[in-house]
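*Asks:* Whole structure, please, built from the sequences with the hints as guidance.
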Amino acid sequence: MKKMTLHLRIWRQKDANTPGKLVSYTLNDVTPEMSFLEMLDVLNEHLVAKGEEPVEFDNDCREGICGMCSLVINGIPHGPEHATATCQLHMRHFKDGDTITIEPFRAKPFPVVKDLVVDRSAFDRILAAGGYISVNAGSAPDANSIPIPKEVADEAMDAAACIGCGACVAACPNASASLFVSAKISQLALLPQGQPERKRRALRMIEQMDREGFGDCSNHAECEAVCPKEISIAHIARMRREYMKAMLC
Amino acid sequence: MPSFMTTVKSSVGKKFLMAITGLAMIIFLIEHLTGNFLLLQSDPVPYNKYAHFLLSFGWLLIVAELILVAFLVIHMISGISVFLKKRQARPVGYHVQGNAGGPSKKTFASTTMIYTGIIIFVFLAIHLKTFKFGPYYETTIDGVVMRDLYKLVSEVFRDPLYVGGYVVAMILLGFHLRHGFWSAFQSLGLYHPRYMPIIYGLGILIAIMLAVGFLGIPIWIYVREVVLKGAI
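One line per chain: the protein sequences are A and Z, in this order.
Taken in order, the first sequence gives residues 1 to 249; the numbers are from the numbering used here.
Taken in order, the second sequence gives residues 1 to 232; the numbers are from the numbering used here.
Because the hints were derived from the structure by calculation, they are not lab data.
In this text, all values refer to a predicted model and were calculated from it rather than measured experimentally.
Glycine included, C-beta positions come from ideal geometry on N, C-alpha and C.
Some clues are possibly wrong.
Unchecked claim - Straight-line alpha carbon distances no greater than 30 Å define the calculated DSS-like cross-link-like pairs of lysine-lysine that follow:
1) A:Lys199 x Z:Lys9
2) Z:Lys86 x A:Lys21
3) Z:Lys86 x A:Lys14
4) Z:Lys151 x Z:Lys132
5) Z:Lys49 x A:Lys229
6) A:Lys95 x Z:Lys132
7) A:Lys108 x Z:Lys85
8) A:Lys199 x Z:Lys86
9) A:Lys229 x Z:Lys86
10) Z:Lys132 x A:Lys114
11) Z:Lys85 x Z:Lys9
12) A:Lys14 x Z:Lys85
13) A:Lys245 x Z:Lys229
14) Z:Lys129 x A:Lys21
15) Z:Lys86 x A:Lys108
16) Z:Lys105 x A:Lys245
17) Z:Lys9 x A:Lys245
18) A:Lys114 x Z:Lys86
19) Z:Lys151 x A:Lys229
20) A:Lys229 x A:Lys108
21) Z:Lys105 x A:Lys108
22) A:Lys108 x Z:Lys9
23) Z:Lys49 x Z:Lys129
24) A:Lys150 x A:Lys229
25) Z:Lys86 x A:Lys245
26) Z:Lys85 x A:Lys199
27) A:Lys2 x A:Lys95
Claimed, not checked - So the derived label-pair ranges between C-beta atoms look like this:
28) A:Ala128 x Z:Gly93: 24 to 34 Å
29) Z:Ile77 x A:His93: 36 to 46 Å
30) A:Asn17 x Z:Ala125: 38 to 48 Å
31) A:Pro32 x Z:His127: 54 to 64 Å
32) Z:Gly35 x A:Ala128: 47 to 57 Å
33) Z:Leu205 x A:Glu33: 43 to 53 Å
What the hints assert, rightly or not - One-sided and incomplete, this derived list gives chain A residues near chain Z with beta-carbon spacing under 8 Å:
34) Val72
35) Gly75
36) Ala107
37) Pro173
38) Leu203
*Replies:* Printed below as a string of structure tokens:
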């Protein structure tokens, strides 16, 4: 099997209060079939065998749907492949002898917990502020009892594809959370079930986003480019309309 | 419902104001450039008459000027606020900076808005001091005594340093507008997959046209007043 040699520069940080630094490692037994996280698993096996601390990084499903994996790879959240979460990125996209710099997502509301792990609970607090709908308790309603045009359902589904990974914040030169928040607001504003809290939702979620300390959106659209689910900045435009409508009407 | 000030200070409201004021100032720039094309003529009469016509609006002109100043101030406050908040939001930066390409609209122009904005403001201060509040020459056209602004402009642009400064400032204005124009529509929530590419392209066109138009005038005057007169 073909083996690759990679030079890694990885952000190591003991805990939230200790300053971190980039540490260099060389791996000689990487294969192109490995996923990026499997490559880090191999590194960690070597580190553990040598009695060193393994590199901490977030991961869970490893099939691109949970939103746990993160990592800024050579300056791009989730690495160089479009519409691909880090766990779905494979080493065949790198060359033998490459140097890869791996950093955590950077934003004040995403404090580093350890090494490459950041605390993204700011997103949970934004969702709790308004990312819900009211439903009648009791038996489940009949499917398709509320007609929704296909195009509207599709657009809501596009927004709902957001896995809340936070790559949008990491990529934004301003560390803005607008793409994430707009996907949640957009998804519910498009559907009948989201109407009762529509105005309150826009106001409260944006208020919470600002309170968490995320930056303002300057329309760089870098978020859309790194989003593993290709969420469009069209949703940010809708979020702004929702907010202004809620304010004015 | 949040108060008016809460809205204005929110991340959405701030950009909304920035967009409205920015677009209004672009409309002003288009008018300003159109009128100033009269400076390309070697006859001073049409330009001086045009300047005199604008001044004849009296208090209406002052109101318009005050609105422009207010828009500029709002635009600057929101811009500086975005810049300061962005620095707070990412205290530790990246060692490697990337650009993901594809749908990204992150460009040299989009990441330097605060800097091009500050330089344009400094330029504007010098520009107003030089012309609006500059030396007062008089001329008489059709028996009407009026300001000879044409003479002042022709004098100022004999200095190659001045012409060079204008060229640099106008190129930076072009970069500012290249991101600013389409971004204003997005900030107002005016996004449509069919029209956004047109607005984005239009922004580039407007940026080039305004920059080239405004930097062309001093170059043309320098050529007319120094190069051609020197050759004769």
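*Asks:* Among the hints numbered above, which are violated by the structure, and what are their numbers in rising order?
*Replies:* 5, 6, 10, 13, 14, 19
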